[in-house]
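Residues per chain, in single letters:
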Amino acid sequence: MSDPRLVSVNLLAYVDQGEVGTDPYRIDRDGSPYVAVGDGGVVLGLRLGDSVFDHAGDHAAPGACLVHPSGDAGHALVGLACLGNRVVVRSGAATGSIGAVLGKRGGGQRVIAVFAPDDLARLRPGDQVALTSRGQGGPSPAPGVVQMNVAPGALEVLGLEVSNERIAAGVRTTMASRQVGNGIGRPTTMWDVDVQVVASDPATAGLRLGDLVAIADLDARTNAGFRRGWMSVGVVVHGASPQPGHGPGVTVVLSGPATSFSVHDEGESHHGLTEETLLSMAGSED
Amino acid sequence: MKVDSNVAQLLTQVLTGEVWPPLADRHGYRVDPDGRAFFLPGMGGVTLDVHVGDAATGHAGDHVEPGLSVRHRETGANYALQYLTCVGNRVEVTSGPAAGAAGFVIGQHAYVLVDMDPDDMRNVTAGDQVRIIARGQGLRLALHPDIVAKNMSPTLLSAMPGGTTADGRLEVHVSAIIPPEAVGAGAGMASEYANTDLMGAYAGLGTDLSLGLEGLRVGDVVALDHQDHRFGRGFREGWTTIGIISTASCMLYGHGPGPSSILSGPSGAFQIVIDHDANLKSFHLDQSREQS
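Protein chains in written order, with the numbering used here: chain A, 1124 to 1409; chain B, 3 to 294.
Check before you lean on any hint, since a few could be wrong.
Facing chain A, according to a computed beta carbon distance under 8 angstroms, are these residues of chain B, among others [to be verified]:
no., residue
1, Gly-30
2, Val-33
3, Pro-182
4, Met-201
5, Gly-202
6, Ala-205
7, Asp-210
8, Gly-234
9, Arg-235
10, Tyr-255
Simulated coverage check for chain A against chain B, where a stretch passes if three residues somewhere in it have a Cβ under 8 angstroms from a Cβ of chain B [unchecked claim]:
no., region
11, 1290 to 1303
12, 1354 to 1368
Because the hints were derived from the structure by calculation, they are not lab data. Glycine residues also receive a C-beta, built at the ideal position from the N, C-alpha and C atoms.
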């Protein structure tokens, strides 16, 4: 039994198709046009553990994006969905399949859900899913630290341990607040933060989907913003982007004074969240 | 600015817009950096009291837009208005009791922002129509191919001090250098639209939030370190973007006074000169100098 104060809500969502504007091209940071692939919708061939840089995608997420067509209902869906929440497909060829919420992205628009490859391949944009949200309002795990966007028990699954009022976090890497692009100044229950990193930087070249990462001097308790001496920890939920000011997305799960964290940069030895672990968590949630 | 350019080739497009009312939702409150709720004026309408040269911090406001906030009712026409209008362009009021009054564009913020004489501004309100003489997009600096110019009227270009140096760089006078940690909302957006909110300018709040930017003024020319705004707004080591502070005080966290981007290129292509007078007010961007 998880924290009894939390409230669970059954939400309706739809598998996303992704949208492209009237012009097929976006412009990359050097001014060259490209066609965005994998920006929302059902993306095959990309899985947790893959490099954020190895695919020719734009904000591509490992699984299916879930949306609600009504604006405010969409905001509620995205705001309430938490990492580890169970998703059950209710219509179409994949009816009955169980997925798990990985994270969220972009202005209260999309929830990212992970499915086993066979289930994912049977999804069709427009399929209905039921998502049982639970986690927002979770207890503070250490002094001054706000927890968000995670189901009960998810912190342990992410390898976050609390002892002596400090959170021990083994992360792939710690980035600087100056690297945060799109998502800065936005509420972190609705929005991920894109980190402006490139494959040629050794500090972030090894970044993989599902990694736990830390961002120094970022206070993300409400909106994400610069605050000296603060720390935010999150999960990498989508891949890189050629667009200036964009990049791999981090759904923040903890934010508070840096003194409440003990962050260890694990580099190549870091093991991020796996499909098996996440699906197992959602499968056992009740 | 003493610099060879293609100003003679630029086209002028006449646009219309409408002073847009402030917008709120029924919950009213937003949240400041310390988690406190606030309800403050600032965006939309006609904001009196704040003009070029005035402090950009310290007002009891949020996303303060000096002067007139102008949009177009049609989506596509509005994008044309927001993208094509440049800092320094002439704006004429064409309806209401202030009809005939003129001002000039100080920047964009999802609205075109217009400063004018306070006596004229007092008579303008939401719904009044304006005419904008848009000129500047397409500007190129012939001897500085690595630098992209945008949102910059020929009037502003000619009024700014600096220009091509003996060693081929572009000398630009700025009143402040902005560290990349300050860049807030606006990152990742098109640099012809809205502006770059700067954090670290929350006058009166904690030192842990400060990046030493509390002295910014509306109209200040600033240099943003490690920012490449040629094709959007992004962090990039070794690049510099020049902007004009077009919005003022902000309490919403991750937001703040912001520059509209006007020049962007490799840092080595610029010679930055710190100059307290690098502000639109000192340039005397008198609207009569803009073509009408």
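Verification of the supplied hints:
{"no.": "1", "hint": "Gly-30", "in the structure": "16 angstroms, violated"}
{"no.": "2", "hint": "Val-33", "in the structure": "5 angstroms, holds"}
{"no.": "3", "hint": "Pro-182", "in the structure": "4 angstroms, holds"}
{"no.": "4", "hint": "Met-201", "in the structure": "5 angstroms, holds"}
{"no.": "5", "hint": "Gly-202", "in the structure": "6 angstroms, holds"}
{"no.": "6", "hint": "Ala-205", "in the structure": "15 angstroms, violated"}
{"no.": "7", "hint": "Asp-210", "in the structure": "5 angstroms, holds"}
{"no.": "8", "hint": "Gly-234", "in the structure": "4 angstroms, holds"}
{"no.": "9", "hint": "Arg-235", "in the structure": "5 angstroms, holds"}
{"no.": "10", "hint": "Tyr-255", "in the structure": "4 angstroms, holds"}
{"no.": "11", "hint": "1290 to 1303", "in the structure": "holds (count 5)"}
{"no.": "12", "hint": "1354 to 1368", "in the structure": "holds (count 3)"}
Hints 1, 6 from the earlier list are contradicted by this structure; the remaining hints agree with it.
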